[in-house]
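Colleague: If you want our numbering, it's the 1-based position in the sequence shown plus 159.
If you're looking for bench data, these hints aren't it; they were derived computationally from the structure.
No experiment lies behind these values; they were computed from the predicted model shown.
A hint or two may mislead.
When the alpha-carbon atoms are kept at most 30 Å apart in a straight line, the in silico BS3-like pairs for lysine-lysine are as follows [said to hold, decoys possible]:
#, residue 1, residue 2
1, Lys405, Lys258
2, Lys415, Lys451
3, Lys339, Lys449
4, Lys408, Lys339
5, Lys408, Lys187
6, Lys451, Lys258
7, Lys332, Lys272
8, Lys336, Lys417
9, Lys405, Lys449
10, Lys258, Lys272
11, Lys258, Lys417
12, Lys336, Lys451
13, Lys272, Lys339
14, Lys449, Lys258
15, Lys187, Lys336
16, Lys415, Lys258
17, Lys415, Lys187
18, Lys405, Lys415
19, Lys272, Lys187
20, Lys415, Lys449
21, Lys339, Lys417
22, Lys417, Lys187
23, Lys451, Lys417
24, Lys272, Lys449
25, Lys332, Lys451
26, Lys405, Lys417
27, Lys405, Lys187
28, Lys272, Lys415
29, Lys332, Lys405
30, Lys336, Lys449
31, Lys417, Lys449
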Amino acid sequence: MSDPQLYTIGWICAITTEYTAACQFLDKEHSLPTRVAANDSNGYTLGEMAGHNVVIAVLPRGEYGLSSAASVAANMLDSFPNLRVGLMVGIGGGAPTSKNDIRLGDIVVSSPKDQTGGVYQYDFGKTIQGRKFQPTASLNQPPAVVLTAMSVLESRYEAEGHHIEEDIAAVFKRRPKLTKRYSRPNQLSDRLYRPHAIHPHDEEGDCEELCGTARADLVQREDRGDSEDNPAIHYGTIASANQLMKDAKIRDALAKEKGILCFEMEAAGLMNRFPCLVVRGICDYSDSHKNKGWQGYAAMTATAYAKDLLARMVPMFAR
């Protein structure tokens, strides 16, 4: 059994897909903890990743949102008292603009800006009324050691590119069963619809069938060149609320007004209790055309980035 005192990195996932991806990137899996806090209902996977002792937890099945994430984080901190760094790693919906060419499979990393700490919590109800967006809380930024590692990694990627695809391929070599669900989908399925093109309500069929591929309905984007990183990494503000963003017009308004790059539902629940870096692989465009086809690959790209980030941090030892 593993001593909870020895773990310094807390890693939280919202759904099983993210949890599966995270566990595959462990260099070594440890045994279960010798003990946890009396009221801790979390399930944990412990192990070593890039030289760090890491504890990974996932939200209970069927539970989503800020309060569920906050509960998991609180339990983790009670059971593992020496955690120094928090990571919230998984999938999110992108907010592409003419300035930020965000595509499916890309990675968005929360980065402090304009006193947001990298995560912007907003009230969805107020979002619709008057189209003025008011933050509902002031959220803490990640620890300085994480932000420093981010700067180092960003510089390295700019000069040398990244090896995220190679790292994912290494996982599939060890776990071929994951290949079908977690590999990169066909690039033709990466379609960005214009805001006026809305997926039919209560229809779960393929967008190509139901919404078509008319040029007037799609944003035309050039293929990325050989010299460009693919997937690309974007640094900036992630928006977090208790409801799923499925409205392209509101998405675009928030992206324009607040510089939002990505939408998700859990991170704001952690930031004041357990200041985390949030890493999101983009699986959809925060509009009505949501589907699960890119979720597995997006979870893998986010996890590969997070592991590379840990590799830039000197391992911390528990007091």
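Colleague: Take the hints in turn and mark each one as holding or not.
Modeller: Outcome of the hint check:
| no. | hint | in the structure |
| --- | --- | --- |
| 1 | Lys405 / Lys258 | 21 Å, holds |
| 2 | Lys415 / Lys451 | 26 Å, holds |
| 3 | Lys339 / Lys449 | 20 Å, holds |
| 4 | Lys408 / Lys339 | 33 Å, violated |
| 5 | Lys408 / Lys187 | 45 Å, violated |
| 6 | Lys451 / Lys258 | 26 Å, holds |
| 7 | Lys332 / Lys272 | 39 Å, violated |
| 8 | Lys336 / Lys417 | 41 Å, violated |
| 9 | Lys405 / Lys449 | 8 Å, holds |
| 10 | Lys258 / Lys272 | 17 Å, holds |
| 11 | Lys258 / Lys417 | 13 Å, holds |
| 12 | Lys336 / Lys451 | 18 Å, holds |
| 13 | Lys272 / Lys339 | 38 Å, violated |
| 14 | Lys449 / Lys258 | 23 Å, holds |
| 15 | Lys187 / Lys336 | 19 Å, holds |
| 16 | Lys415 / Lys258 | 10 Å, holds |
| 17 | Lys415 / Lys187 | 43 Å, violated |
| 18 | Lys405 / Lys415 | 17 Å, holds |
| 19 | Lys272 / Lys187 | 36 Å, violated |
| 20 | Lys415 / Lys449 | 21 Å, holds |
| 21 | Lys339 / Lys417 | 37 Å, violated |
| 22 | Lys417 / Lys187 | 40 Å, violated |
| 23 | Lys451 / Lys417 | 27 Å, holds |
| 24 | Lys272 / Lys449 | 28 Å, holds |
| 25 | Lys332 / Lys451 | 23 Å, holds |
| 26 | Lys405 / Lys417 | 18 Å, holds |
| 27 | Lys405 / Lys187 | 38 Å, violated |
| 28 | Lys272 / Lys415 | 15 Å, holds |
| 29 | Lys332 / Lys405 | 36 Å, violated |
| 30 | Lys336 / Lys449 | 25 Å, holds |
| 31 | Lys417 / Lys449 | 23 Å, holds |
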